[in-house]
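Trainee: Given these sequences and hints, build the entire structure.
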Amino acid sequence: MAYSDKVIDHYEHPRNVGRLDDKADNVGTGMVGAPACGDVMRLQIQVDDNGIIEDAKFKTYGCGSAIASSSLLTEWVKGKSLDEAAQIKNTEIAEELALPPVKIHCSVLAEDAIKAAVKNIREKRGEEAEQAAG
Amino acid sequence: MKLPIYLDYSATCPVDPRVASKMAEQLTMEGNFGNPASRSHLYGWKAEEAVEEARRQVAELVNADPREIVWTSGATESDNLAIKGAAHFYQGRGKHIITSKIEHKAVLDTCRQLEREGFEVTYLNPKEDGIVYPEQVAEAMREDTILVSLMHVNNEIGVINDIAAIGELCRERKVIFHVDAAQSPGKIEIDLAEMKVDLMSFSAHKIYGPKGIGALYVRRKPRVRLEAQMHGGGHERGMRSGTLPTHQIVGMGEAFRIAKEEMADEAKRILALRDRFWSQISDMEEVHINGSAEQRVPGNLNVSFAFVEGESLIMSLKDLAISSGSACTSASLEPSYVLRALGVNDELAHSSLRFSFGRFTTEQDVDTAAKEVRKAVEKLRELSPLWDMYKDGVDLSTIEWAAH
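Protein sequence lines, in the order shown, are assigned to chains A and B. For the first sequence, my numbering assigns the number 4 to the initial residue and increments by one for each residue that follows. For the second sequence, my numbering assigns the number -16 to the initial residue and increments by one for each residue that follows.
Hints were generated in silico from the structure; no laboratory data involved. A portion of the hints provided could be inaccurate.
Label-pair ranges, simulated between beta-carbon atoms [unchecked claim]: (1) A:105 <-> B:112: 30 to 36 Å; (2) A:84 <-> B:347: 53 to 59 Å; (3) A:8 <-> B:36: 50 to 56 Å; (4) A:129 <-> B:276: 54 to 60 Å; (5) A:105 <-> B:278: 33 to 39 Å; (6) B:326 <-> A:129: 42 to 48 Å; (7) A:5 <-> B:-16: 34 to 40 Å; (8) A:105 <-> B:204: 48 to 54 Å; (9) A:15 <-> B:214: 51 to 57 Å; (10) A:8 <-> B:194: 30 to 36 Å; (11) B:88 <-> A:15: 31 to 37 Å.
Ideal Cβ positions, reconstructed from N, Cα and C, are used throughout, including at glycine.
Mentor: Okay, structure coming up:
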C-alpha cells in the first residue's frame, strides 16, 4: 500500500514519543482504541497554569497511519489552549496526512485521543462544569 | 543481495530458470506452438506429446496414474471443480459436506456457494496447533455426508494435516475426500497410491512453475465422477474444456520433475535456513510461533510479535517481502481468520508475520532479515503503549477496551 510522504516521515521520525506522569495534576491522559482492533493510542498533554498545553507525548500501537496521526497531533496541540485542542477535527488530520479512506479511522482515533486527554485534565482541574457548558 | 529480500514463497515462487527455458520452447513458429487437440498434423501431435510428458511428470511426483491428472488454470479452479463437481454429481446420496474454518478462500467460498444451493456444510475448527484431527472428521460424519474437503498444508501457518488417516475413514464410509494440496507438493511426500484421497488440487506457481496453471487429480480406482464446471470442446475427458496451454503445462511438468529430483535435499536446506532465522529472533521476549512447530512444512514460519502491530512492522521492514496476518489494509480491520480459528487472540493475530523460505533463499538473506526484524520490533515496542503496560506488569486482558 502506498503511504504519503508525510505519513512515512512521521512514521520514521515520530515526534514526541514518550510518556508523562499520568498521576501529575497538570497531565491529562487519553487512551483510546483496543488491541483487538489493531490500534491503541495513548496521548498525554501537560498544561501550564494558564491552561495552555506546554508538552505532549504519545505512544501508539497500530499501523503506520495511526502512528503518524498521533505523532502529528502532538505537534499540533502544543501551545494550544484546551478548548482549541479539543476542537481539532479528524478531517484536518486526515487531510494533512493524505490518508486513504480505509485509514480514516486512524484520524478518528487521534481525535478521540485528544478529546479524552482534555477531558481527563479538566476532570483533574475540576472543570467538568465548563466542559459541559462548552 | 537483491532487495527487498523475498521471503514470501508461500504466496508465489519465482519460476525456476530451467522451467522458464522449457516454457519458452513452446511458443513461437520455431517452437512447439501447436494445439495439442489438433489431430491432423505434426504440430498438434508434438504439442500433445509435450502435454502428455508433463502429465507424467506431475503424476510421478505424487505417485498417481497420468490419466488421473486433469489440467486446470490453478488450484482455485481445481478446488471449484472438485467441490462443486463432486457435490453436484453425488447430491442424490446426500447434501452434507465437511471442511474446516482455515481452508483457503477458494474452498470456503465454494462451500458458501453450495450452501446457497441447498447443501449443508460443517466447518471444523482446528485444534490450537492448527491441525484438523481425524477424530474430529469422524465425529462430524453423517449419513448424508458426501464430501470432505481439507487442505494438506495450510497456506498461512504451514501446518500439515494427516490426510492419510482422514482418507482411511472417508473411504470406509464411501465419502469422497478432496484435498487442497496447493502448498505441499515438492515440500513433503505425497503418495496417492497409498493415500486414500479421491481428488487433489495442485498449483504450479507454488512449486517454481508458472502462474495460471494447475491440475486436479481425479482418482480412477475407485472411480470418482465429477460434473464439469467448464463446458466446451470436451478436453480433459470432458471434465474441463478449453484449449490446453502447452507452455504452461510444460512449465508445470518441468517444475514437478525438478521437485521430485531435488525435494529431499531442498527440504533439508530450507529447514536449516528456517532454524537459522528462528534462532536469531527466538530469544526476544513475547515472540510466539503460530501453529504446530513440529507438524509443519520446512519453509514456513508464522510468528506473532506481541505488542507490535503487523502492518506497521511490515512498513518498517521495507527491505523484506513478507506477509502480515493482519488484514488491516482492508476496511474490515479483521485479523487473519486462520489465526482466529486457532484461538490466537486478536492482539497477537494483529501482530503476526509469515516468513516463507524457498529455493533461492540464502543464509545471508535470513541473517539480514533476522537483524531487520529485531530492529523493527524493538523500535515499535518503544512506541507501543501496550509494551509499556506489559513492562509495568499490567495484564492487558483485564482492561476494558472501548472497541471501535
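Trainee: Would you mind marking each hint as holding or not holding in the structure?
Mentor: Taking the hints in turn, this is what the structure says about them:
1. A:105 <-> B:112: 30 to 36 Å: At roughly 33 Å between Cβ atoms, residue 112 (chain B) and residue 105 (chain A) fall inside 30 to 36 Å, so the hint holds.
2. A:84 <-> B:347: 53 to 59 Å: Given range 53 to 59 Å: holds, Cβ gap about 55 Å.
3. A:8 <-> B:36: 50 to 56 Å: 53 Å, holds
4. A:129 <-> B:276: 54 to 60 Å: Holds, since residue 129 (chain A) and residue 276 (chain B) (Cβ atoms, about 56 Å apart) stay within the stated range.
5. A:105 <-> B:278: 33 to 39 Å: 36 Å, holds
6. B:326 <-> A:129: 42 to 48 Å: Taking Cβ atoms as reference, residue 326 (chain B) and residue 129 (chain A) lie about 46 Å apart, which means the hint holds.
7. A:5 <-> B:-16: 34 to 40 Å: Violated: the Cβ-Cβ distance is about 25 Å, outside 34 to 40 Å.
8. A:105 <-> B:204: 48 to 54 Å: 51 Å, holds
9. A:15 <-> B:214: 51 to 57 Å: Between residue 15 (chain A) and residue 214 (chain B), where Cβ atoms are some 55 Å apart, the hint holds.
10. A:8 <-> B:194: 30 to 36 Å: 33 Å, holds
11. B:88 <-> A:15: 31 to 37 Å: This hint holds: roughly 34 Å between Cβ atoms.
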